[in-house]
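J.: Sequence:
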Amino acid sequence: MNIFIKIETWGKYSKYLFGGLLLSAFILGFLYIYFMNLAVLKTAERNDNLRALTEIKREFQKVEADYITKLNRIDISYARNLGFVEAGPDGYISVSGIAAMGNNYGQELR
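If you use this note's numbering, the sequence shown corresponds to residues 15 to 124, in order.
Any given hint could be a false lead.
Unchecked claim - Label pairs and their calculated CB-CB ranges:
| hint | residue 1 | residue 2 | range |
| --- | --- | --- | --- |
| 1 | 63 | 28 | 47 to 55 Å |
| 2 | 58 | 94 | 56 to 64 Å |
| 3 | 92 | 68 | 45 to 53 Å |
| 4 | 94 | 62 | 49 to 57 Å |
| 5 | 39 | 75 | 49 to 57 Å |
| 6 | 98 | 56 | 49 to 57 Å |
| 7 | 104 | 79 | 49 to 57 Å |
| 8 | 54 | 92 | 29 to 37 Å |
| 9 | 63 | 93 | 41 to 49 Å |
These are calculated hints, taken from the structure and not from any lab test.
Quick reminder that beta carbons are idealized off the backbone N, C-alpha and C, glycines included.
Could you put together the complete structure from these sequences and hints?
T.: Next comes the structure, spelled out in structure tokens:
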């Protein structure tokens, strides 16, 4: 009698169980396809970004090479041709009295 009841309940819910398993298989299949497609798209996007980065690096190297060649061109004769003159001797300011006060405000620092 006990075995008969188990078989009867299994037959009653077998359609629902099969439908649930089939639905979960479809959902898992859809999720698998979605995430694989997403991974492929992100990989293609990364490759495009790497290609653009190498192009930018190439342009940066050109600009840097131009800068270094222009920097090597600057010397004293080039500066004089642009109108720069040499500076005179350095002058300093000096004070013979109190230069600063300490935290005690009555004692001077020299």
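J.: Kindly indicate which numbered hints from before are broken by the structure, ordering the numbers from low to high.
T.: 3, 7 and 8
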